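With the hints in hand, could you dock these two chains into one complex?
Protein sequence lines, in the order shown, are assigned to chains V and S.
Letter by letter, the first sequence follows residues 1 to 164 in our numbering.
Letter by letter, the second sequence follows residues 1 to 504 in our numbering.
Quick caveat, the hints were computed from the structure, so don't treat them as lab data.
This one's a predicted model, so the numbers in the text were calculated from it and none came from an experiment.
Idealized CB from N, CA, C, for every residue including glycine.
Any given hint might turn out to be false.
[As the list claims (entries may be wrong)] Pulled a few chain V residues facing chain S out of the computed Cβ check, cut under 7 Å:
(1) Ala33
(2) Pro37
(3) Ser51
(4) Val85
(5) Lys96
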Amino acid sequence: MDESKIRLRSLDVFMGLGFLAVGAFVAYDGFIAFYAPQLVTVEKASNPGVSTIFIGALMGLLGLVIAAIGLLGSGHPLRIAQQAVSETLRSKAFYKGVIALACIAVYFFVFWDRIPYVVSTFLFLAGMMAVFKAGAWWKIALIAGTTVAIVWYVFGVLAMIPLP
Amino acid sequence: MGFEQIMVEVLKTLNFEYIFLIAAGVFIGLIVGALPGLTTTMGIALLTGITFKFSGHSAIALLMGLYVGGVSGGSLSAILVGIPGTPANASSTQDGFPLAMAGKGAQAITISRMASIIGTLFGIGCLAFLTPLLTELALKFTSAEFFLIGLFGVLISGALTGGDIALKGWVAGIFGLAIGMVGSDELTAWQRMTFGSPELFGGIPFIPIMIGFFGIPQVIEALADEKDVLVAKLDKTKVKIRDILKYGWVALRSGLIGVGVGIIPGVGEDVASWTSYGVAKKSSKHPEEYGKGSMEGLVAAETADNSCIGGAIIPLLSLGIPGSPPAAVMLGAFLIHGVRPGPMLSFEFPAFTYQAVSWLLVATIFMRFFAMWLAKPMQKILQIKNAILMPIVTVLCAIGAYSLDMRFIDIQLVFFAGLLGLLFKQGKYPAAPLVLGIVLGPLVDTNFRRALKASGGDFSIFFTRPVSLILVVSIVLLILGQLGFFGRVRSWFKRSKPAAAKQI
Numbered sequence: 001m002d003e004s005k006i007r008l009r010s011l012d013v014f015m016g017l018g019f020l021a022v023g024a025f026v027a028y029d030g031f032i033a034f035y036a037p038q039l040v041t042v043e044k045a046s047n048p049g050v051s052t053i054f055i056g057a058l059m060g061l062l063g064l065v066i067a068a069i070g071l072l073g074s075g076h077p078l079r080i081a082q083q084a085v086s087e088t089l090r091s092k093a094f095y096k097g098v099i100a101l102a103c104i105a106v107y108f109f110v111f112w113d114r115i116p117y118v119v120s121t122f123l124f125l126a127g128m129m130a131v132f133k134a135g136a137w138w139k140i141a142l143i144a145g146t147t148v149a150i151v152w153y154v155f156g157v158l159a160m161i162p163l164p
Numbered sequence: 001m002g003f004e005q006i007m008v009e010v011l012k013t014l015n016f017e018y019i020f021l022i023a024a025g026v027f028i029g030l031i032v033g034a035l036p037g038l039t040t041t042m043g044i045a046l047l048t049g050i051t052f053k054f055s056g057h058s059a060i061a062l063l064m065g066l067y068v069g070g071v072s073g074g075s076l077s078a079i080l081v082g083i084p085g086t087p088a089n090a091s092s093t094q095d096g097f098p099l100a101m102a103g104k105g106a107q108a109i110t111i112s113r114m115a116s117i118i119g120t121l122f123g124i125g126c127l128a129f130l131t132p133l134l135t136e137l138a139l140k141f142t143s144a145e146f147f148l149i150g151l152f153g154v155l156i157s158g159a160l161t162g163g164d165i166a167l168k169g170w171v172a173g174i175f176g177l178a179i180g181m182v183g184s185d186e187l188t189a190w191q192r193m194t195f196g197s198p199e200l201f202g203g204i205p206f207i208p209i210m211i212g213f214f215g216i217p218q219v220i221e222a223l224a225d226e227k228d229v230l231v232a233k234l235d236k237t238k239v240k241i242r243d244i245l246k247y248g249w250v251a252l253r254s255g256l257i258g259v260g261v262g263i264i265p266g267v268g269e270d271v272a273s274w275t276s277y278g279v280a281k282k283s284s285k286h287p288e289e290y291g292k293g294s295m296e297g298l299v300a301a302e303t304a305d306n307s308c309i310g311g312a313i314i315p316l317l318s319l320g321i322p323g324s325p326p327a328a329v330m331l332g333a334f335l336i337h338g339v340r341p342g343p344m345l346s347f348e349f350p351a352f353t354y355q356a357v358s359w360l361l362v363a364t365i366f367m368r369f370f371a372m373w374l375a376k377p378m379q380k381i382l383q384i385k386n387a388i389l390m391p392i393v394t395v396l397c398a399i400g401a402y403s404l405d406m407r408f409i410d411i412q413l414v415f416f417a418g419l420l421g422l423l424f425k426q427g428k429y430p431a432a433p434l435v436l437g438i439v440l441g442p443l444v445d446t447n448f449r450r451a452l453k454a455s456g457g458d459f460s461i462f463f464t465r466p467v468s469l470i471l472v473v474s475i476v477l478l479i480l481g482q483l484g485f486f487g488r489v490r491s492w493f494k495r496s497k498p499a500a501a502k503q504i
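Extracted from the complex, chain S is given alone in its bound form (with noise of 0.2 Å):
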């Protein structure tokens, strides 16, 4: 497709009703990035359910616009409340609340808005550049290779997203993996795991399951634990461009770890924030500024999480491997509005990756205006007592997933995968991996399968090609440095290296 016919296609998904689309949605993620307890990833969950009546791609233009508002609007309540409105945003807390308490809280925010633009623009720069050049190089991997980087993927983010330990992200991860087996085998039709029951028999549904699993521990915990907010006041300072710039260089770093951590399949916005955060920190000037209201640590925060948007797109259209939890969850609204990621979708929708660069750059432009807009109501909202929002988002945590398909089991669904979302939480097993498991489950299945028929049951297909032999060494390095292994080798050279000098 020439240059031309693209540009044709784009302008044509960039009317009036797309841009009104685009608006809302950043607005609505604006509010609900902003709210503490409601995450972007909750929120795209929510308006799937929502929009899935939707003619063509205009609900995905709402969600990409939601994506944005949501990542940026939780710095609103990060600055002004001290609370991160979403994961993504709590480093943004450590600088931002006491900018705000110092009286610099407009500043504060107008230069978190100004990173979170450069941010966003530098991830759609790299997704409009990187996502095509992936495409050509996924156009030559076989079943073996999308299996294994299904898997990496599984297991990086486990590793990256465990915290206490990461066997428990590679747990999450591969129980996630389990739950997308669930339903009829796409190669032979054979039901796997689903009790008889015919409502399983198309498997477990993805957007039921996220709403419970994100929403209703939410609820849960706002209302068990309800704090008083005290919220920052705004001053009435004018920032300038030239403060800004000041920071051009913090800001471009954060942008390309922002989009590196973004591209890591299922690792996320609030990864990228804290690297950044800590490489700024680390090479400052002035690192006792930062926890203590730096802007440079600010910026830093911002410019990572909002340009991480455009990094987790790009494996997700040219893969079909999600880079964060929302970009997961937007893939589920792909596969409902008729859209299947990955190296085909050059050739299904040519267009689509520039059409997703120019929603997300109108959603930008949106994005600067509504957040400076909504920093004065939101000191009233996020004054909302938990007991009058909470029932009302169980409330669209039940539609949302009814909308779907009207069936009474995937109201049960969110039910006990919110059970489940609350013993993940108190056993501190991380998301990610089990939202990118759930997703991934199809495509790692049935590739192992089609690697293995290809090869006549031969496990050296997975060994014996370039990528897949790459891919092999990173996940068994991936396991040998999680378990230690690098540790005690080094430590086993530094205790060698004494007892080598002291006999000679």
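The following block holds chain V by itself, in its conformation from the complex (with noise of 0.2 Å):
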């Protein structure tokens, strides 16, 4: 087995552990409504635990089974792990990967709904452009500029959307 597989069976022991958690947790909450007092009107067969205990069962057998089949598969998957990370983390793609989350995240959670929309859009634009090196510092002006006039244009103005 070459070694991209080996990494994607460690990957999968734990994503599969992933969806075991999941699992449980849809079935958890799908027996508190199979015995919730407030349902004891309900008849059992229609009771909506009976789908979600049936839904997070499903998920956890086969989160399990990923997980074997990683396991199996990678041998060693928590040493692969660290492997793997410690190489992702010298790779240039991955910090570009991060700062495009870290500029997208800073968009969407600190300057949506706090800064109004143009100005937060434009910083937005023009700061990510700045930083991916999109070209001269007037293009990039140019460009999130014209961008913003015309997203504010068609939905503040024609599609009358309430921006923040």
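Structure (structure tokens):
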């Protein structure tokens, strides 16, 4: 088995366990509904917990099988994961991705709802384009300004959406 | 409803407003489809958010235009730069780009465009013919059948798109079903998995999840890995009708494959085009030319992915079960605009299927002209840096999600769905079954419990009706097949035969 496949199997262990955990939560939520005193008058067959117990159990089972396949395929998932993480941390693409994600997070969680839409969107566009070296500053300012103007006109004026 | 009344209804939605919107949809679709990183599914999700204030069915007509434009637009970048604009056009890259590099770019674009038109028309024909038949059949279905169709759809979609291992497709689909069940239960109003948040009582909104799931990972990946693009030059060769007629049989067979794959829930255009490409290569007189610049291969790929559009809309309109990821997002758009697809659609909007057929026909006409006009400017558009394009896409993702309900939580959902999308991509978990699962979650859930209620909790309701039994058997065979059961049986037979011969 080649290196990338072994790494994928190692990731499968963790993702499989993640699905197992989510499945367990879904099934638990189903049990709460199934035995809820408020739903005592509802027929057991149409209790909302029936579907979630079924789906949760199925997801948990599949997650467990994926984790087992991953464990068999990778051998030492923790050691392989450590290697993969240290290699990823050294790659340029990873940092670029993190920076892009951080820019989006700032725009979505910090700027949105706090700073007026036109200003926040211009700052985000210009900032992100500058970080990723889209071109000269005047070019960035022109593109960001034009985009904000179009978006504001289409959504704020034509579609009458109350922008933050 | 008689033929004349249907025609009157169809003509009502073929006025200037609709035709203009379809043209706009095709134009946007061609650009969205052609730009690597932007997919048709994402384009439809974004535009659904933007067009939610449109009146009547006009937004749906626009989205159908985008669907047609998006699928065929992807071939422009596949041919010109060797990067498929959408996953549906990955197989077109195999022969399209070598043809363009050999100085036959314009010829390849014209031939692929004609193949797209033939494919789309074939799909539309099947849509017009098969939807009423399937609707008739679906009217006889009970909750047990609808539950099993939904479950079968999620499982087969998972099996066909799983790639790495089928289990990944299945778990993605089941995860989608769980997401689709969040919120207030339709039968008892009980809150499930809402963590007490009133904003989740109405369920997790589909469109922001789709925008985030498809949009954010593309933005991150494109920015993390900016590549220089080599654009092929266009020649001035004219293509004659007989050049296209040569591939008539290939186009017909690919059209059939496309429609067949399209009807299977949640599978989509990429599987259709690869299947058709594979079949064409196997049955070709010159298989050695495939991958080096075969027009036949290009025709096979392009016809199938376009005919899949009509195929994917057939189960959407007749059963309420989408045949592809873009059709799944369209289902969300349908619901927002007051159209509930499924067997009852023929009573609520009797002419809707034919209106959809007419919109797709108009879209095909516009696609023919726009694709040729756009070929030259597209050479320039394709050189736009990701550093410029992707921040703009992010802004559109945010505003597209926000404009639906004007809620801050939708923006947060876009972000978290984006993280989930990144994780799914890293782990090679397919997106199609997840999308289908989210869409079908409420259908599977309510019909499962309705069936059990009707039978007084007796599970035999899922086996005693003919259609249910067929579906249960199909599900069991599908699971056994994916787990390698039949392969093991075959190899056991092979091993036991020589042993028996030795004994004799």
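Verification of the hints:
| no. | hint | verdict |
| --- | --- | --- |
| 1 | Ala33 | holds (6 Å) |
| 2 | Pro37 | violated (12 Å) |
| 3 | Ser51 | holds (4 Å) |
| 4 | Val85 | violated (12 Å) |
| 5 | Lys96 | holds (4 Å) |
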